[in-house]
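> Here are the chains, one letter per residue:
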Amino acid sequence: MSTTLDPNASPAAAPVKARGRVLPAPVTPPEIALIGVLVVLWIALAAATPAFLSAGSVIPLLVEVAPVALIGIGMTFVIITGGIDVSVAGAIMVCSVITGKLMRDNAIPLWLCLVVAVATGAVLGLFNGVLIAYGRVHAIIITFGTANLFLFIGLRIFGSTPIAGMPNTLAWFGRGVDGRTVGVPNSFAITVILTAIAWWYLRHTPGGRHFFAVGGDPVAARLAGIRVQRRILTAYVITGLLVGLASIFTLAKGTSNLDQSVGSGQELAVIAAVVIGGTSIMGGRGSVLGTLLGALLVQTVKSGVIQLGWPSQLSDLFVGVFIVVAVGTDLLRRRARREP
Amino acid sequence: MTADTAAPPAAPTPTGRSRADRILEAVLTQRIVLLAILIVVVVGWLMYLSANGYLSADYDFDYMSAVLIDAVPLALLAFAELVVIVSGRGGIDLSVGAMVSLIGMIFGFAYGQWGWPLPLAVLLAVVVGAVLGAVNGFLVARIGFPALIATLATYYAYKSIAMVINGQKPINSAQIQELYSLTKSVELPVIGPYIPNVPLGVFTFLIPVLVVLWLALGRGTYGRRLYAIGTNDVAARWAGVDVAATRMRAYVTSGVLSGLVAVYITAQFASARPDAGTAGNGLALPAITIAVLGGVAITGGIGRIAGVLLAALLIVWLNAGIILYFSGNTGTQFQLLALGVVLILAALLNGLTTRRFGGGD
Chain A
1 MSTTLDPNAS
11 PAAAPVKARG
21 RVLPAPVTPP
31 EIALIGVLVV
41 LWIALAAATP
51 AFLSAGSVIP
61 LLVEVAPVAL
71 IGIGMTFVII
81 TGGIDVSVAG
91 AIMVCSVITG
101 KLMRDNAIPL
111 WLCLVVAVAT
121 GAVLGLFNGV
131 LIAYGRVHAI
141 IITFGTANLF
151 LFIGLRIFGS
161 TPIAGMPNTL
171 AWFGRGVDGR
181 TVGVPNSFAI
191 TVILTAIAWW
201 YLRHTPGGRH
211 FFAVGGDPVA
221 ARLAGIRVQR
231 RILTAYVITG
241 LLVGLASIFT
251 LAKGTSNLDQ
261 SVGSGQELAV
271 IAAVVIGGTS
281 IMGGRGSVLG
291 TLLGALLVQT
301 VKSGVIQLGW
311 PSQLSDLFVG
321 VFIVVAVGTD
331 LLRRRARREP
Chain B
1001 MTADTAAPPA
1011 APTPTGRSRA
1021 DRILEAVLTQ
1031 RIVLLAILIV
1041 VVVGWLMYLS
1051 ANGYLSADYD
1061 FDYMSAVLID
1071 AVPLALLAFA
1081 ELVVIVSGRG
1091 GIDLSVGAMV
1101 SLIGMIFGFA
1111 YGQWGWPLPL
1121 AVLLAVVVGA
1131 VLGAVNGFLV
1141 ARIGFPALIA
1151 TLATYYAYKS
1161 IAMVINGQKP
1171 INSAQIQELY
1181 SLTKSVELPV
1191 IGPYIPNVPL
1201 GVFTFLIPVL
1211 VVLWLALGRG
1221 TYGRRLYAIG
1231 TNDVAARWAG
1241 VDVAATRMRA
1251 YVTSGVLSGL
1261 VAVYITAQFA
1271 SARPDAGTAG
1281 NGLALPAITI
1291 AVLGGVAITG
1301 GIGRIAGVLL
1311 AALLIVWLNA
1321 GIILYFSGNT
1331 GTQFQLLALG
1341 VVLILAALLN
1351 GLTTRRFGGG
1361 D
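If you're matching them up, the sequences are chains A and B in order.
Using the numbering used here, the first residue of the first sequence is number 1, and each one after it goes up by one.
Using the numbering used here, the first residue of the second sequence is number 1001, and each one after it goes up by one.
Any given hint might turn out to be false.
Not everything, but these chain B residues come out facing chain A in the computed CB check (under 8 Å) [as the list claims (entries may be wrong)]:
1) L1055
2) A1057
3) L1285
4) V1292
5) I1298
6) G1301
Label pairs and their computed distance ranges (CB to CB) [unchecked claim]:
7) P311/A x V1212/B: 34 to 40 Å
8) S1018/B x A220/A: 38 to 44 Å
9) R227/A x N1166/B: 30 to 36 Å
10) P167/A x T1330/B: 46 to 52 Å
11) A164/A x N1166/B: 29 to 35 Å
12) Y1054/B x R227/A: 45 to 51 Å
13) P29/A x Q1177/B: 50 to 56 Å
14) V40/A x F1357/B: 55 to 61 Å
What the hints contain is simulated information worked out from the structure, not anything from laboratory work.
Glycine residues also receive a C-beta, built at the ideal position from the N, C-alpha and C atoms.
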């Protein structure tokens, strides 16, 4: 930040003074606002129901946040490039049903579960990515189509019955005592670490900045020498990889059963977290830190509604209101400053 | 979406083109021609399978007519998506399914519990639909929300209210159960004996909507304005079109059509269910699929009612055949496959024709 600000300088002149600084602030104003909302919510919920801040309530909350926030990282990449992926729910189903069946029938060890889930996710992501990057069709259409395909594949592998009696192989990622390191759930810790890596990659490496360039203006990005199609493909593969890992979290947090509803509604939950986190659906702008905060906010509202004894479906109403408020204030703020 | 800096390849020279070339171009660029061919192929193939005993029941004109009962809500919601997507600027309405759930519950209260007369209850459903659609329209057209975000938010909100409003319980009082007569099949006067019985909903819902929409979009000034803002809203503004009001009305139309579908689905299932439009995959996804299959360009400004209608018929008749070919749950699973494959192929074809012939249908 420049410290010698001329008080008479018009706002339009400011970018000239801050020459060479292309990065936005490490923590953007919407993210600070989100942190504020989260703190206020936590204080209010703690005051209303003293049990809210107990370990018995916070740890399940963090375990629930992990898969959404994790996929949210990939979805942030995708949305920054100007795309979207609504096939996440089906992909979660395929990854978890394959891993779950292998775990039950062949008792494969933990590392092999990870490899299988992540590899499956990568293949599904690659399929989306190739169609979108090289088929040159809008991402929402392709992923609506592949969402149906993935659901079909998942349901076919399920057969007609849920998978019952899975062994306890994945306890290290679960919500039990085995799944914690110094009190923090491992799945959430992994999510935070991966978010930090993605945050650094997107902000401080040329490769990361290319995603913003592609989303901001693909034609200009191509003229600047960026392989646009390859960047778009990469974003979907990253999402696929993270969907694979998130499926492991989903398998681990459940009981020994896995039924056909796995993943249902997750695609919209992830998109909601990304959007509340301040990433622009038009592409070219966004941050994974905001996504993590957005996922935390959504899950806080969900568990808060339940702990207050309200009907659990009411939380969706708050999610909708949060999306409108978050995106609306951003729109109005930009309009006031005459930014695009 | 993606960068396409290369100039479009020069259009094939008109001289010396064979008839086969022209037919190929018509099939690829005229979505209606392609869909008509596909319908004939699919129906013919299914009838062939039926004649050889591969299907668990007869696939004949009676059956095809009976399954039109499912085509009515699909087609109406696909029309809703047509209007919204054509309005441009990333137009899409993810909230139609949630609107159907919520309006269905309100209609259920009015008709099934408060004892309102049917016309008044239907009017209420349409008015509530217009209001819910106007919320979407206000966010998108006036404030400038991306449509995907605005309708995602209202999807959550409407779905939640529909669930909570009656404690997750459906309304199926005696009046609602008798509504089923609205959708049963009837024999037409005069020509009735010679053709299969047709579900009543086709005449009470589908055809009136079709006529009104065709008049408004194909023959009225509203259609001109809608296609203008969808093609280029800056140019439309310079041409004196009230862009915000026109786009707003597209979303209100979507809400009104959702209101009609809510009444229809309540009648069809003889019950107002809080998850009528959101259970499973929901209703929005198939509606968007059918609109795209019908040749509506997701970028706005392009799309015709006839194409969407044919796409709805194709999907409904294909699904009806799949259900007969596979038994039980397997059939619904293969319907997912069919919907997915058809959507992806239609989208890739749209892209291909745009590149090859510059601008599709």
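> Now tell me if each hint is right for this structure.
Hints versus structure:
Given hint, L1055/B at the interface with chain A, is violated; its Cβ is 21 Å from that chain's nearest Cβ, farther than 8 Å. Because the smallest distance between the Cβ of A1057/B and any Cβ of chain A comes to about 22 Å, over 8 Å, the interface hint for this residue is violated. For L1285/B, the shortest C-beta to C-beta distance to chain A is roughly 6 Å, which falls under 8 Å, so the interface hint holds. A hinted interface residue such as V1292/B counts as satisfied when its beta carbon comes closer than 8 Å to some beta carbon of chain A; here the least separation is about 6 Å, so the hint holds.
For I1298/B, the shortest C-beta to C-beta distance to chain A is roughly 5 Å, which falls under 8 Å, so the interface hint holds. For G1301/B, the interface hint is violated, since its Cβ never comes within 8 Å of a Cβ in chain A; the closest pair sits about 14 Å apart. At about 38 Å, the CB distance of P311/A to V1212/B agrees with the hint of 34 to 40 Å. Taking the beta carbon of each, S1018/B and A220/A are about 42 Å apart, inside 38 to 44 Å as hinted.
A hinted range of 30 to 36 Å for the beta carbons of R227/A and N1166/B is inconsistent with their spacing of about 54 Å. Taking the beta carbon of each, P167/A and T1330/B are about 29 Å apart, not inside 46 to 52 Å as hinted. In this structure the hint that A164/A and N1166/B lie 29 to 35 Å apart at CB holds, the actual value being about 34 Å. Taking the beta carbon of each, Y1054/B and R227/A are about 49 Å apart, inside 45 to 51 Å as hinted.
As the Cβ distance of P29/A to Q1177/B is approximately 55 Å, the hint placing it in 50 to 56 Å holds. For the hinted restraint 55 to 61 Å between V40/A and F1357/B, the CB-CB distance of approximately 57 Å keeps it satisfied.
Comparing the model with each earlier hint shows violations of hints 1, 2, 6, 9, 10; every other hint is respected.
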